[in-house]
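Student: One letter stands for each residue in the lines below.
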Amino acid sequence: MKYLCLVYVEEKTFDSLPKGEQDECVAEHLAYDQVLAKSGHLISTEALASARTAVTVRSRDGRVAVTDGPFAATKEQLGGFFLIAARDLNDAIRVASHIPSARNGSIEVRPISRLAGQTEDSSQPPTKTSPTKYLCLVCFEEKELDALPKAEWDALVADSVEYDETLKKSGHMIVAHALAPVQSATTVRVRGGKLSMTDGPYAATKEQLGGFILIAAKDLDDAIRVAARVPVARLGCVEVRAVHELTAR
Amino acid sequence: MSDKPDDLRDVVDAVYRAESRRVFATLIRLLGDFDLAEEALHDAFRAAIEQWPRDGVPGNPRAWLVSAGRFKAIDTIRRRARFDSYDDVAEQVDAIASDAPAWDEAEELEDDRLRLIFTCCHPALPPDAQVALTLREVCGLTTEEIAHAFLTPPPTLAQRIVRAKSKIRDARIPYQVPSRADLPERLDAVLRVVYLVFNEGYSASSGTSLTRHDLSAEAIRLGRLLVDLLPEPEALGLLALMLLQESRRAARSTPAGDLVLLDEQDRTLWNRGQIAEGTALVQRVLASREVGPYTIQAAIAAVHAEAAGSGQTQWPRIVALYDVLTEADPSPVVELNRAAAVAMRDGPAPGLALIDAILARGDLADYHLAHAARADLCRRLGRAGEARASYERALSLARQEPERRFLERRIGELQV
Numbered sequence: 125m126k127y128l129c130l131v132y133v134e135e136k137t138f139d140s141l142p143k144g145e146q147d148e149c150v151a152e153h154l155a156y157d158q159v160l161a162k163s164g165h166l167i168s169t170e171a172l173a174s175a176r177t178a179v180t181v182r183s184r185d186g187r188v189a190v191t192d193g194p195f196a197a198t199k200e201q202l203g204g205f206f207l208i209a210a211r212d213l214n215d216a217i218r219v220a221s222h223i224p225s226a227r228n229g230s231i232e233v234r235p236i237s238r239l240a241g242q243t244e245d246s247s248q249p250p251t252k253t254s255p256t257k258y259l260c261l262v263c264f265e266e267k268e269l270d271a272l273p274k275a276e277w278d279a280l281v282a283d284s285v286e287y288d289e290t291l292k293k294s295g296h297m298i299v300a301h302a303l304a305p306v307q308s309a310t311t312v313r314v315r316g317g318k319l320s321m322t323d324g325p326y327a328a329t330k331e332q333l334g335g336f337i338l339i340a341a342k343d344l345d346d347a348i349r350v351a352a353r354v355p356v357a358r359l360g361c362v363e364v365r366a367v368h369e370l371t372a373r
Numbered sequence: 012m013s014d015k016p017d018d019l020r021d022v023v024d025a026v027y028r029a030e031s032r033r034v035f036a037t038l039i040r041l042l043g044d045f046d047l048a049e050e051a052l053h054d055a056f057r058a059a060i061e062q063w064p065r066d067g068v069p070g071n072p073r074a075w076l077v078s079a080g081r082f083k084a085i086d087t088i089r090r091r092a093r094f095d096s097y098d099d100v101a102e103q104v105d106a107i108a109s110d111a112p113a114w115d116e117a118e119e120l121e122d123d124r125l126r127l128i129f130t131c132c133h134p135a136l137p138p139d140a141q142v143a144l145t146l147r148e149v150c151g152l153t154t155e156e157i158a159h160a161f162l163t164p165p166p167t168l169a170q171r172i173v174r175a176k177s178k179i180r181d182a183r184i185p186y187q188v189p190s191r192a193d194l195p196e197r198l199d200a201v202l203r204v205v206y207l208v209f210n211e212g213y214s215a216s217s218g219t220s221l222t223r224h225d226l227s228a229e230a231i232r233l234g235r236l237l238v239d240l241l242p243e244p245e246a247l248g249l250l251a252l253m254l255l256q257e258s259r260r261a262a263r264s265t266p267a268g269d270l271v272l273l274d275e276q277d278r279t280l281w282n283r284g285q286i287a288e289g290t291a292l293v294q295r296v297l298a299s300r301e302v303g304p305y306t307i308q309a310a311i312a313a314v315h316a317e318a319a320g321s322g323q324t325q326w327p328r329i330v331a332l333y334d335v336l337t338e339a340d341p342s343p344v345v346e347l348n349r350a351a352a353v354a355m356r357d358g359p360a361p362g363l364a365l366i367d368a369i370l371a372r373g374d375l376a377d378y379h380l381a382h383a384a385r386a387d388l389c390r391r392l393g394r395a396g397e398a399r400a401s402y403e404r405a406l407s408l409a410r411q412e413p414e415r416r417f418l419e420r421r422i423g424e425l426q427v
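Heads up: the sequence lines are chains H and E, in that order.
With the first letter of the first sequence counted as 1, position 196 gets the number 320 in this note's numbering; the numbers rise by one all the way through.
With the first letter of the second sequence counted as 1, position 180 gets the number 191 in this note's numbering; the numbers rise by one all the way through.
Please keep in mind that the hints were generated in silico from the structure rather than gathered at the bench.
Some hints here could point you the wrong way.
[Unchecked claim] Among chain H residues calculated to face chain E with C-beta under 8 Å, some are: (1) I167; (2) A171; (3) S174; (4) V179; (5) R184; (6) R187; (7) D192; (8) L207; (9) N214; (10) I217; (11) K274; (12) S294; (13) G295; (14) M297; (15) E369.
No residue lacks a Cβ here, since even glycine has one placed at the ideal position from N, Cα and C.
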């Protein structure tokens, strides 16, 4: 089974840590990536640039609307994600605007940040020759989707499968998955060495999505164990969502 | 095939750097849509990476890429067909597929780049959007690079580009070089964008200076492109002006980033190659007798450039050129510069009278350089109190760190 671990942390909290502690936290994360790679859990993991760098993309009747900032989920839920390589933010927005769910939901586009120690120079903006990675978070209203007539649902699935193919061919695609319904989510926190879990997705009020880890785990328990050891779970929390395959109804 | 895959990757990269903007400009004409063209460009290079190692590099890579991009776009349109009405799609595909292969003529291709520049600098678009679009679509900078250079958050800049493209689509802004009748006005708009990009890189010393310097280089590149495509006198004049200003870059600030005024600059640091090129351009335009504001400003810069020092500068000639500029393009800033030149020719008092007249009219009250110039003339006249008041006013208006440090230094010197 594949699970997506969404790492939430309050940016202010992290930014206010002394430089030494921040570096330590980053080092711990990089070390944990190695642990997960060795254990065979790790599929893909990235840290995101600040939520202030987010844009939200919607496509309605062939028109693309872009708004500043992360998507404030009120009615809609996170239903899937695409990790892409794009030339720049506008290229990423173009890719996002053609994701089938952009027509009825919203796509939050977040640049991937390079953690210190991962790359030689993060102070320079991406250049025309090196593509940048972006995470496209696909949000839609699950209720609305559930209510779709069979033919429309099947068409949406067919489009989604086809768009995956298009992005693979164009070289944009790194990894993409749909997520299991939001009720299946579990949110994990560690405080004072103690693990606490809540059912359901994490309702981010103060905290922001700061990164993700896509893992292969035996089952949900195994995934929760992995999530609980994410260093930032001590500061914020980690939402665990099962990945599922899109199929016709 | 003797080429190793790695070499071919380098070949494709080199072709990308040399040709991608040209291919893109042509694809926009053929496809009639920025986003579709961007996708087609991307797909065409993707196809090149796959096919060139197998089939060899085509004799005319540019034509190959345009053709590949065109077929990829037809695929894309067909794939999206189920969301559009069938007739629209059929019509669109027919139009793209049946276009006579005029694109292999070099002239047409160069026209495409010019079309792209005029579309990006269309007056229906807000000025900041014109700048962003030109840098991204004509120069090939990334959204993040442009945002970085203009100290704007990338999401804001990305939205500006998305909105500008929607506007081009909705307002049906044509993809063409303007008619002879509209050309002067439309060319003005293009030159303004190029000069704005240049000044952003040249005068702003805040932020990361390196990237901002790149903006000036990018503007000069654009200026050269314009001169190649459309050698109108003012296009030549602007290129000359940019080269002559750029020639002083190394001399206009200390290694610590402090400002050095023109008359105190080490003129051996001036770039002689740029001066020679700029001066030759000025002379070429002056000979044509179609002289506009950019050329006059370039001519002024050329007079400075030929002097071995401030004392040897031909100030009467500079004042005369400012007189012409005041005729051609009157503005309070031009008057201010003229006043400074008059002060050099006739002494501080007549210059000060001119500046006071501008300020008395209520012009330039919030322009820090007007107060700094006034302060300097008062200082030279020994009117320290007035000089201090004007320097302080200038300091309260100045926003750039090196300028602020310069003014603070001058105030400090007054007190000694």
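Student: Of all the hints numbered above, which does this structure not satisfy? Sort the numbers upward.
Tutor: 1, 2, 3, 5, 8, 11, 14, 15
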